[in-house]
Amino acid sequence: MAPEKKKRRRSDDDGEDSALTFKNRLKPDSIILQTIRSLSASSSSASTSKTLTLADLSLSSTCREVTDLSLDSVQSKIESLILRVAKSILSGDGCSFDVPSRSSANQLYVPELDRIVLKDKNTLRPFANVSTVRKSTITARILQLILQLCIKSIHVTKRDLFYTDVKLFQDQTQSDAVLDDVSCMLGCTRSSLNVIASEKGVVVGRLIFSDNGDMIDCTKMGMGGKAIPPNIDRVGDMQSDALFILLVEKDAAFIRLAEDRFYNRFPCIIVTAKGQPDVATRLFLRKMKMELKLPVLALVDSDPYGLKILSVYGCGSKNMSYDSANLTTPDIKWLGVRPSDLDKYKIPEECRLSMTEQDIKTGKDMLEEDFVKKNPGWVEELSLMVKTKQKAEIQALSTFGFQYLSEVYLPLKLQQQDWI
Amino acid sequence: METGGSSESSVEPKKGKSKTRRKPKESVLKQKSPAEFFAENKNIAGFDNPGKCLYTTVRELVENALDSAESISELPVVEITIEEIERSEFNSMIGLVDRERVDEALYDDYESAKAREKRLAKEARNQEIQAKNALLGKKTKEPTPVKGIKGRGEASFYRVTCKDNGKGMPHDDIPNMFGRVLSGTKYGLKQTRGKFGLGAKMALIWSKMSTGLPIEISSSMKAQNYISFCRLDIDIHRNIPHIHLHEKQENKERWHGAKIQVVIEGNWTTYRAKILHYMRQMAVITPYAQLLFKFISDASDKNMTIKFARRTDSMPPVPLETKHHPSSVDLLLIKRLIAETSKQNLLQFLQHEFVNIGKSYAERLIGEMGPDFSPKMAVKSLTDQQIVRIHQLFRQAKFDDPSGKCLSPAGEYNLRLGIIKELHPDLVSTYSGSAQVFEGHPFIVEAGVSIGGKDVKLGINIFRFANRIPLLFEQGADVVTRTAIKRINWSSYKISQWQDKIGVFVSVVSTKIPFKGTGKEYIGDDISEIASAVKSAIQQCCTQLKTKIVKKIQAREQQERKRRLSWYIPSYSGAIYDGLKEMAELHGSKKRRYEGEDAELLSKVSTRLITKDTFRQKLAQHVEQVDYEMALEYATQSGVSEEPREDIFIQPLEAKYNFIGCMSPNIGFRLIS
Chain Z
1 MAPEKKKRRR SDDDGEDSAL TFKNRLKPDS IILQTIRSLS ASSSSASTSK TLTLADLSLS
61 STCREVTDLS LDSVQSKIES LILRVAKSIL SGDGCSFDVP SRSSANQLYV PELDRIVLKD
121 KNTLRPFANV STVRKSTITA RILQLILQLC IKSIHVTKRD LFYTDVKLFQ DQTQSDAVLD
181 DVSCMLGCTR SSLNVIASEK GVVVGRLIFS DNGDMIDCTK MGMGGKAIPP NIDRVGDMQS
241 DALFILLVEK DAAFIRLAED RFYNRFPCII VTAKGQPDVA TRLFLRKMKM ELKLPVLALV
301 DSDPYGLKIL SVYGCGSKNM SYDSANLTTP DIKWLGVRPS DLDKYKIPEE CRLSMTEQDI
361 KTGKDMLEED FVKKNPGWVE ELSLMVKTKQ KAEIQALSTF GFQYLSEVYL PLKLQQQDWI
Chain A
1 METGGSSESS VEPKKGKSKT RRKPKESVLK QKSPAEFFAE NKNIAGFDNP GKCLYTTVRE
61 LVENALDSAE SISELPVVEI TIEEIERSEF NSMIGLVDRE RVDEALYDDY ESAKAREKRL
121 AKEARNQEIQ AKNALLGKKT KEPTPVKGIK GRGEASFYRV TCKDNGKGMP HDDIPNMFGR
181 VLSGTKYGLK QTRGKFGLGA KMALIWSKMS TGLPIEISSS MKAQNYISFC RLDIDIHRNI
241 PHIHLHEKQE NKERWHGAKI QVVIEGNWTT YRAKILHYMR QMAVITPYAQ LLFKFISDAS
301 DKNMTIKFAR RTDSMPPVPL ETKHHPSSVD LLLIKRLIAE TSKQNLLQFL QHEFVNIGKS
361 YAERLIGEMG PDFSPKMAVK SLTDQQIVRI HQLFRQAKFD DPSGKCLSPA GEYNLRLGII
421 KELHPDLVST YSGSAQVFEG HPFIVEAGVS IGGKDVKLGI NIFRFANRIP LLFEQGADVV
481 TRTAIKRINW SSYKISQWQD KIGVFVSVVS TKIPFKGTGK EYIGDDISEI ASAVKSAIQQ
541 CCTQLKTKIV KKIQAREQQE RKRRLSWYIP SYSGAIYDGL KEMAELHGSK KRRYEGEDAE
601 LLSKVSTRLI TKDTFRQKLA QHVEQVDYEM ALEYATQSGV SEEPREDIFI QPLEAKYNFI
661 GCMSPNIGFR LIS
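Taken in sequence, the protein lines are chains Z and A.
Counting from 1, one number per residue, gives the positions in the first sequence under full-length UniProt numbering.
Counting from 1, one number per residue, gives the positions in the second sequence under full-length UniProt numbering.
It is possible that some hints are incorrect.
[Claimed, not checked] Residues on chain Z that point at chain A, a partial pick, calculated with CB under 10 Å:
(1) V85
(2) I89
(3) S91
(4) T139
(5) A140
(6) I142
(7) Q144
Quick caveat, the hints were computed from the structure, so don't treat them as lab data.
Glycine is no exception: its CB is placed at the ideal position from the N, C-alpha and C atoms.
Bound conformation, chain A alone:
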């Protein structure tokens, strides 16, 4: 049952569930195309409900657009538009005539006579109360208009359009790139944005499922004088594209990139906040991109346009493809590598298909494998048992850790700019860790911590990024959340976990992010390598912040010292004076004897030569003097403080110099060569 499905089943990553549920009797074997599999299990690709579908569609399109622009080292410009479509408009789009309801009682939202009676009674009561309030001159809220009861079938539809300035697609490849799920043959290993490699295809499947409308793609590659236009949908059962129109159009503006338009069912109301968060966080981690987000609907008050401006033009390098690390491969992967390799013998295979195996090391490994292995043996002739032996040895032998060179972290410089650009915090610090290894995959943790800023809640705000895309769901179990909340002693850095607006930004990049959960929405807390890297990165940020915070506190104390000290003057002088007064009374009534200076002082008190005000004035003078001295001391120690400057990015007018750049987290130099 497991493997007997079809030759196709081997490409299905998570099978079983949908198949084994069939009735137990040995029935006709049914083949299932990958497209069908994903249509049935769309939740694993993040298409759980209409709202989430809208969100995931947006993110897939945005991520594709960024990848595409970055692949040709172009600073990304991405425009994403969501248009709400009215039911009648939708119907006309699909050529359905709007029908009036004839049999009202047939519908789910039909208001029965009883229900109407109830509603009318309630309305009457409300009006009565209002009339009463108006009589009493009380101000009341406008009565909320009685909401139309939303029926089950009342779906909302959206046209999602994403336009970029990326690489574009070759004219002839477009149908297959969209209309065939799991069609690409990815060989090797690379840090990628996408989680499943499904991209826009899943959006297409969803549009097919919810609206039946085709996807429209316009694309042009650099130096192409035409625009490819393609309208297509997908034949889910056969997993092939179904082309409606595929033509070349004029390219007047010499535009290159891709524009993808898809009409899907969605839910803007419930996922509005998520989508906006996503865009904002994307702007944080991608400050070199210009993002434009638009929402258009008939209700003009709901419309919005948000521009996330570019803040820098330094772009992380394109991630390099790398080979597998021997400790990270499994049996299946070894078999695949053997099948795909161009190398003839075992020695070359080991040497060239894996990282960190040199020639001499490969020879030592082969020697260790046993007598039935030899360096010159044909790699394709290895038996299953022999492959298991290789696998075992890979597990047990010691290899150097893979280097992080193939990774493309956001970079401290960009992370800092992104945080400053989107949050405008009072303080920010960033830290970039060195590459570390988990199960043969290198990873880099970068972190930023910010204090204050706009649109930030009190307490800890977590921003998680994996391979430079934001993670928004299932935050609670994530390693970053757990670490920030449980394992960082904020107060030791003079940060209040409850009263400060703390932004914690952690970006993990890896050739393989160890996601947890079906939706790939979080990184588990059980991986000690990552947990400790995250913790130390955040701590490094906090340590940097602490010195700044201490300085700030000192500066604030400078300003507030006089005020705070003065606040206590009345109480203090009152206490001392009252004490003296009581003693003076005892002195006057001769109940107690005081001598010399003391007696003199007390008589002055009883004759009101010395009053409470005398003490106040003297104390105020003293405070004034101490404050002056301390301010002088502070100024000589810390120098004249600078006013914070406004951060802007100025696009060079005459572009196209060749630069030699050197970047540090705070400053970047560029030398024209």
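So here's chain Z without its partners, still in its complex pose:
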């Protein structure tokens, strides 16, 4: 079938309206649905196998991982920390915190797990040292604030936390960073600290779930979709008749697909985090994947940044590597827009952008990354990108019409099973 297709493509070369020729190549939806179903079936059978943990690889001594902890145990952990510090101060010895290092030197990619984990190096944060006094004080303050949250049993956002002591924190990145440190110190996930990020991700499509007790039907969410709830522990009862999950990098493409009701033509769930994914979206995606056992297909820009986003979904970010077990979604397929698609779909030159020095450098650096190297298809695509020095956004497809994405490109991709 493949050589036959190739031949046809060659004869199309002289065709003026390439958009139309691609459209003509589409088979009836029922046939396309058939191919997706087979993917869905294989995915659900594959993921029944047990997922590996650090303990299985006997790495639990050299690597650390956090778990969801109950509010009560978080509270007692903080209390004992504060008591220890208070006693140390009263005895005149000053005080210091022992914080797991989150520097990149302390990160490890474990191929068997297909994600980044944190190694066991710790750094001391004494008060009486000019270089650590600041972080040490912020740590103490954050601990005390979280203790309050535990006692009152309420949730606040990261922004709320920052505003409780702006003078000390100075800007939110500092309080956010220490918050992650505190998670590591206590050995719990960030959501266990009752601190949430403001919502960023959106979901639409064939999904029904409960959010804090309310049943949500994501097919009836209009164009904008349902915001992904920041605290995943209140999400439950997921039900779906979708065949796959479509991960979209950009808001614009998401709106296009939502408005065209793409999920009704091909039953699916569409998710976007509008750029780099936040914790809530990653947790939500993982939960969907684990509970519904659906294959995940990704639609990102054809640039190094798009692949980077894919990697954060797939094997986690270095910043949050201590919780990679809960945040990563294994086995995401790269559907598009891939560098090879630029020529395959005859995207005109004027819609392609030349990569900047920085882009090329990022691309080359990523070729060295383990999560790319483990997938030969990705290496090939990324090498092609670096070689041609061209990038394109999902929107480049709009050159053939605004609905080309939902009506031609994606169906054809699905029909050809063109994911890697």
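Starting from the structure of chain Z, add chain A where the hints point.
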């Protein structure tokens, strides 16, 4: 058309433009003297507009004066004075009677009835506003006096005088040295200050063009009992001096040197800053000179006198003349060398007219040239084709690089002193690179980097020098600017590109500086040899600075440690205490159970035996102790720090010893022999 002009045209460096523009018809060939050429293209010598003309005149005179003093190994003393001349004074100087305007409407600055109405209305409005403000008790600025509208013809004139203690000029040569452009026959190759070798002549042409007044020269040579005085101007069309007065006067003070006075049109207001920058930068690169700059005008508040004092008496040696390097010559130059050589045969010619060609190497070269060359052949009999062959071989053959011995760099010692003297920086480092080669010309790059100082802007301040003169214009494209801004990672040397006052000083000396642009104001960024030499020189300076900066940071941390740590005590103790208090409440209400020591501590908190202040005091004590320990440790490591000393130069009272000197960048020894 190109060469058919005249025999003179061969000396014109940039012809064509002025000539080819003539109407296409084969008209009468017109000869143009070099003086005429430069009068028409004065911009290429830096005489673009009145302001720049004033600036260039000053710099040409100063550079001539320095050269002259250095040529007789005298420490230069240069006085430069700019006098503003009123219009009426100028008119009386040229013997023109001041005329009152009769027909007012004839003039460009005539205020028509309509314009006056407008102005009066505006003034009335302003007064009204002011009266209102005064009523409300608001303070307002004094109304700016309505400026007299400056007309087009309103030129400013300046008398520029430059006096030095240099070599002076032989009495009879003075007219030709000033009144004839491109008259010197320079043979050989040498590092020189001047860019075109025009010097004061161009100033003379400009004075002729703008004021018509002659130049006045006084000069006396060492051990001459008279002063030559000469007043002359130039006959531009014939390129010959036109002497008004040429006489010998009494020399009572036994002065030697030259004093040149020229009256030109200029613009002090727009080029004031440039001229002052120039003088200051000249003082940096020439710390052994004493420079005095004066500006005199009728408005006493504009007057200024700036003295750039001498800081050292070690002077760079006079640059040596050298011969051309074979890889640097072109066809024309070879022909000229052949025409001028005193050597008879080819072997001797190669051996003696070029550097880095020894006898055996010359023989090998001749052998390589082909069968129609022989060592003994008369050099003057070479045909054009043969000369081309020689040229080709010069291009392809391998020669040793020319040595930098003929160059006279400012020297690290002097550069450092100059920077310290003029900028008073907090930190300074200097570096002198070894001689390198670009297209057969040796060059040396020296650099200095300073941090802090007075009259220095935040960020990177570039000071560029080429053959020991400052370059002020077209900074953006210069190799030094580009390198300092784009290729130096300042933060890796603990220097902040935006928050520190960084002075970057780069001096390039060469027998031929590869200038770019018509004004010869910058060195291009495309010459990789120079670019990398500049980069490594700056980096060397930065590396030296880094150790000092790190020490400084440490010292500052020592001082600030206690303060910085103490700043966090309230927050920290507050956080811990608040945490305890909440736990104590839980403990009190029996919602949670604590045991042993913990319970004891919490009861102390609830009974206020332990308060926030307890934690504060304990932490403060701890900080005190740690600070003391660390200060002790620091002191044992770094020793007692010294206070910076004031730098002065003390002129030896009894001069004239014979010295054997040895200089390092930081210190110089002199042994009396």
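Going down the list of hints, with the structure as the test:
| no. | hint | in the structure |
| --- | --- | --- |
| 1 | V85 | holds (6 Å) |
| 2 | I89 | holds (5 Å) |
| 3 | S91 | holds (8 Å) |
| 4 | T139 | holds (9 Å) |
| 5 | A140 | holds (4 Å) |
| 6 | I142 | holds (8 Å) |
| 7 | Q144 | holds (4 Å) |
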